[in-house]
Every structure is written in structure tokens, then in C-alpha cells.
Amino acid sequence: MHRLKRPGRVGRYLLVFFTLLVLCPLAYSWLMARFGYGDPPAQRAAAEQIDRVLIRKASRTLSLLKDNQVVASYSVALGGAADGGAKMREGDQKTPEGDYSIDWRNSRSKYYLSLHISYPDADDSARAKAGGYSPGSHIMIHGQPNGWGWLAPLLQRLDWTDGCIAVTNAEMKELWSLVPTGTPVRIEP
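Per my numbering, residue 5 is the first one in the sequence shown, and the count goes up by one each step.
I should point out that these hints are in silico values taken from the structure, not numbers from a laboratory.
In this text, all values refer to a predicted model and were calculated from it rather than measured experimentally.
Note that beta-carbon positions come from the ideal geometry of N, C-alpha and C, so glycine has one too.
Where hints are given, some of them may not hold.
[Said to hold, decoys possible] Here are the simulated DMTMM-like cross-link-like pairs (lysine to aspartate or glutamate), alpha carbons at most 20 Å apart as the crow flies:
{"#": "1", "residue 1": "70", "residue 2": "163"}
{"#": "2", "residue 1": "114", "residue 2": "163"}
{"#": "3", "residue 1": "133", "residue 2": "192"}
{"#": "4", "residue 1": "114", "residue 2": "43"}
{"#": "5", "residue 1": "70", "residue 2": "192"}
{"#": "6", "residue 1": "133", "residue 2": "163"}
{"#": "7", "residue 1": "70", "residue 2": "103"}
{"#": "8", "residue 1": "70", "residue 2": "96"}
{"#": "9", "residue 1": "70", "residue 2": "94"}
[Stated by the list, open to error] Taking CB as the label site, the calculated pair distances span:
{"#": "10", "residue 1": "14", "residue 2": "133", "range": "57 to 63 Å"}
{"#": "11", "residue 1": "15", "residue 2": "93", "range": "46 to 52 Å"}
{"#": "12", "residue 1": "162", "residue 2": "131", "range": "15 to 21 Å"}
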């Protein structure tokens with residue numbers, strides 16, 4: 005009968021090393037999500053603020069418009085299933101399509117700043133109720149996960165959100181200061 009050998013010194017060190025390799029990023033993410041946000045930038049003067057946001061899912065762009073002129077445009081990352089049509093239900097990882105507005109903002113988000121899009125609207129809620137499921141909620145325009153902004157060059161090439169619209173942290177600072185609460189948002193396929 006064979007007895008199991010106890011791990012040697014090297015085995016114990018490897019076990020500790022790999023445990024720390026897994027636990028340290030998890031602990032860092034947890035801390036940054038709760039305490040890693042900074043102070044939001046000030047709102048720009050009303051004359052400088054934009055009056056509409058246009059998101060085009062197919063081209064992965066978010067454009068800021070003032071008097072029907074594009075003032076700025078940004079590349080975005082969307083929900084993991086963004087190309088599968090409009091958001092229908094909670095957990096489908098799709099980004100909604102339609103006309104909404106920015107109805108509140110969160111400076112203490114676990115993602116760097118966030119602007120809430122008024123999804124679901126009455127039509128989205130009625131469709132979900134008729135289907136017997138939740139339409140989902142908390143669709144935001146936000147920056148990168150707190151503490152992980154340095155990963156933006158990689159993350160912005162992927163559709164990594166659960167249905168939100170993600171930009172870099174520097175772009176989110178700009179959006180925060182230029183987009184007032186109440187701004188209309190159109191999300192096109």
C-alpha cells in the first residue's frame with residue numbers, strides 16, 4: 005500500500021505562490037471596486053455641454069452632438085453579445101437599442117464613473133412583462149474597472165461588459181463633464 009507523500013519544501017512554496025497569484029488580483033479588484041474611485045471632474049459650462057449622445061453598435065462608436073454637429077467621437081466596448089440584437093432580458097449580455105436618456109450619474113461606481121441610461125423604458129418593461137422575464141437594468145456608460153484602467157488598450161478591443169457601453173477613463177472624464185443629466189441617448193444597431 006502506498007502512502008501519499010507530503011509535499012516537500014518546493015511544493016509548499018509553489019502552493020503558496022499560486023495561491024497568492026490568484027488571491028492578490030481578486031483582493032485588489034475587491035478593494036478598487038469599493039474604494040478606488042476618484043473625484044469626478046466638474047461639469048462644463050452649459051454653453052460647452054452637448055445636447056445628444058449617439059451610440060452606433062455596428063461601428064462601436066459613441067458620438068457627442070451639439071446642434072446636430074458631432075463634437076467628439078469615441079470607440080466603445082459593448083456587451084458580450086452586442087451583435088445579437090437589442091437587449092431583451094436580464095443577463096443576455098446585449099446592449100439595448102432605442103431612444104433613452106441619461107437619468108442619473110454615479111461617481112462611486114465600481115467602474116470609473118458612470119452615466120445611467122434610462123433602460124428599460126415603458127416599452128421594454130411591457131415586452132418583458134408579457135414574456136414573463138426581467139428586462140434587466142443598470143445599463144451605463146462607464147470607464148474601466150477601478151484600478152484596472154491600464155488594461156484599457158486590451159479591454160476596449162473586446163466586448164466585455166454585460167450590456168453597458170465602456171470607454172477609457174480619460175474619455176469618461178470628458179463625457180462626465182460634457183453630458184448633463186437629461187441628455188437624450190440614441191442607441192442604433
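Going through the numbered hints above, which ones does this structure break? Give me the numbers in ascending order.
Numbers 1, 3, 6, 8, 9, 12, in rising order.
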